[in-house]
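Trainee: So the chains spell out like this:
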Amino acid sequence: METHTKVGKKTNTKPRFQKGSQAKKDALSGYLYVAPFFILFLSFGIFPIFYNLYISLFSWKLFGAEPEFIGLQNYIWLLTDDPTFIKSVVNTFSIWIISTIPQLFIALVLAYVLNQAFVKMKDMFRMGIFMPFITSILAVTIIFNSLFSRDFGLINFIIGTEGLDWKNNRLLAHFAIATMVNWRWIGYNTIIYMAGLQTIGKDLYEAATIDGANKIQQFFYITIPQLRPIILFTIIMSSIGGMALFIEPLVFLDIRGGSANQGLTMFLYLYETAFGTKYNVGYSAAISWVMFVIVVLFALLNWFITTKVIKD
Amino acid sequence: MKNRAGRFISYLFLIISSIISVFPFYWMFVISTNTTAEANKFPPKIIPGDQFIANLQNAWENADFITALFNTLIVAGTITISQLFFCSLAAFALARLQFKGRNFVFMLIVSTLLLPPVSPIPLYIIVSKFDWINSLYAVIIPFLVGAFGVFLMKQFIETAIHPELIESAKMDGARNFQTYYRIVLPILKPGLATLAIITFMAIWNDFVWPSIVLKDQSVQTLQLAVRGLQNAYNRDTALIVTGAFITTLPLLAIFIPFSRQFISGLTEGSVKG
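As given, the protein sequences belong to chains A and B, one line each in that order.
Residues 1 to 312 in my numbering are what the first sequence lists, from first letter to last.
Residues 1 to 273 in my numbering are what the second sequence lists, from first letter to last.
Hints in this document: simulated from the structure, not taken from any laboratory.
Be a bit skeptical, because a hint or two may be false.
Calculated Cβ distances over 10 Å to all of chain A for the following chain B residues [stated by the list, open to error]:
#1 Leu-56
#2 Trp-60
#3 Ile-66
#4 Phe-70
#5 Ile-161
#6 Leu-165
#7 Leu-185
Below, a sample of chain A positions facing chain B; criterion: calculated Cβ distance under 7 Å [as the list claims (entries may be wrong)]:
#8 Ile-49
#9 Met-127
#10 Ser-136
#11 Ile-142
#12 Val-281
As the structure is a prediction and not an experimental result, all values here were calculated from the model.
Every residue gets a Cβ at the ideal spot worked out from N, C-alpha and C, and that includes glycine.
Using the sequences and the hints, build the whole thing.
Mentor: Structure below.
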């Protein structure tokens, strides 16, 4: 093994010998060019991740007494004695399920239809569907606040359910929040799927047509399996994004996710603990690490399920 | 016959989806041109009114939009320029220069992309130790670079710029920085435009972090001004929606003309990999 690497090194140095100074220059420029990025990224991107772990081991109030080291106590409280946290976990998953599944499926169908040769004005449709993505979540939530209003809302008017209280019923609140999420993200995912569809060879579809497969069969037996890596990517990204959901419930309801915490998500709970009324950053930091573990496990689970379900 | 039905359903699906996508923008417009009393009617009024100027004046009096616009432009402008420069420079080095540890550095950067957003707490404590609370530094400096920017720029450089091109520039005696400046940057223009729009848009639209660190009126950004219109005592729907509408308009004005390039740039960057 050792001799092998030595031989490898020798053969490598010879041709480089003449360009030796250039290689050195390259390395020097390399470090130099990455340095400003890396220093900033280290201070404000990576260091906070570890600093957060440190904070979570303290009883630490933002504007209070000196932080006091309490070891894993925050985690113990969080996991054994905090029904509000459990509620926030359930809410987060509930909203995730009723947003992500329809969101990705509709996006996939939209992309498939938009990719058909006969469709005209593709750019216009693409732009229309993508437009929600550039709007601020704040503006989106303010508009849906009006649309989902109990007394004057357009949605109650259209479906003929006068006085339906979208905010105070737990499941309805989840549905309203999921609608905002879907509205904003369907177009984005459609665009990602469209790019993926363009990499699938036409011959596959031609062969299937000759074999007598109709468009719907082609969608399920060619398109979905061929898009597997991209579907996986969107599922993982929406797992991470969905678990971190919090601005929609914050603006649609309030900082506690409504009077009965009916829309309180994990991230909103974390935010409320630190910046609401308690300023308990130690506990909040512990929430963020438990949340992190949940997200990673959930993303891995989704990875596993997706690869099992969609086979080539 | 069957084919025609399929086409009909396809178009119907596309048209309904587009209408649902665009409708809330129309709704924003409808509310911002009516009074709150008209907006709070049942059945709702679905045609534009003539109160836009009045609502605009009202919003203007209730929030300092000029200061907010000025602050937002400084913040979004500085961050966008900085991200374009530092991210493309770092991506050039990571994609096309040989040095020890470059793969490790890239892996480290990408792995933070896959992390769920870390809580804002450590960043808040860091920023307050620097004494940046209520200063625009708090919303600018932590975001001067970003993992996504490097990732996207590296994808673009790897697909658009062949190593041979870099080699031949060096043969001609170009220094590394000249290569970056004269060769990489011009070819990278579509990628830079995409990153610029994404960054500008994200900063323009952000309000959570600014709301944590910017409490004074004099440092508020546009989204904070809108958020300020919507508080516990204020149920003036027309006012709030007008605020949201006027902060959305500039983005639509930027996005619509460039949408084609932007959409294809975004997909090129995110799908490969």
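Trainee: All hints, please: hold or fail.
Mentor: Comparing the hints with the structure gives:
Every C-beta of chain A lies more than 10 Å from that of Leu-56 of chain B, the closest at about 16 Å, which supports listing it as non-interface. Its beta-carbon lying about 18 Å from the closest one in chain A, Trp-60 of chain B satisfies the requirement of being farther than 10 Å from that chain. Every beta carbon of chain A lies more than 10 Å from that of Ile-66 of chain B, the smallest distance being close to 19 Å; the non-interface claim holds. Consistency note on Phe-70 of chain B: stated as away from chain A, and its beta-carbon is indeed over 10 Å from all of that chain's, at 18 Å minimum.
With a minimum CB-CB distance of about 15 Å to chain A, Ile-161 of chain B clears the 10 Å threshold, and the non-interface call stands. With a cut of 10 Å on Cβ distances, Leu-165 of chain B stays outside the contact zone with chain A, its closest approach being about 15 Å. Every CB of chain A lies more than 10 Å from the CB of Leu-185 of chain B, the least distance being 13 Å, so the non-interface label holds. Given hint, Ile-49 of chain A at the interface with chain B, holds; its Cβ is 5 Å from that chain's nearest Cβ, closer than 7 Å.
Taking 7 Å as the C-beta cut-off, the interface hint given for Met-127 of chain A holds, the closest approach to chain B being about 5 Å. Among the interface hints, the one on Ser-136 of chain A holds; its C-beta lies about 4 Å from the nearest C-beta in chain B, closer than the 7 Å criterion. The restraint placing Ile-142 of chain A at the interface with chain B holds, with a minimum CB-CB distance near 5 Å, inside the 7 Å limit. The restraint placing Val-281 of chain A at the interface with chain B holds, with a minimum CB-CB distance near 5 Å, inside the 7 Å limit.
When the structure is compared with the earlier hints, no violation turns up for any of them.
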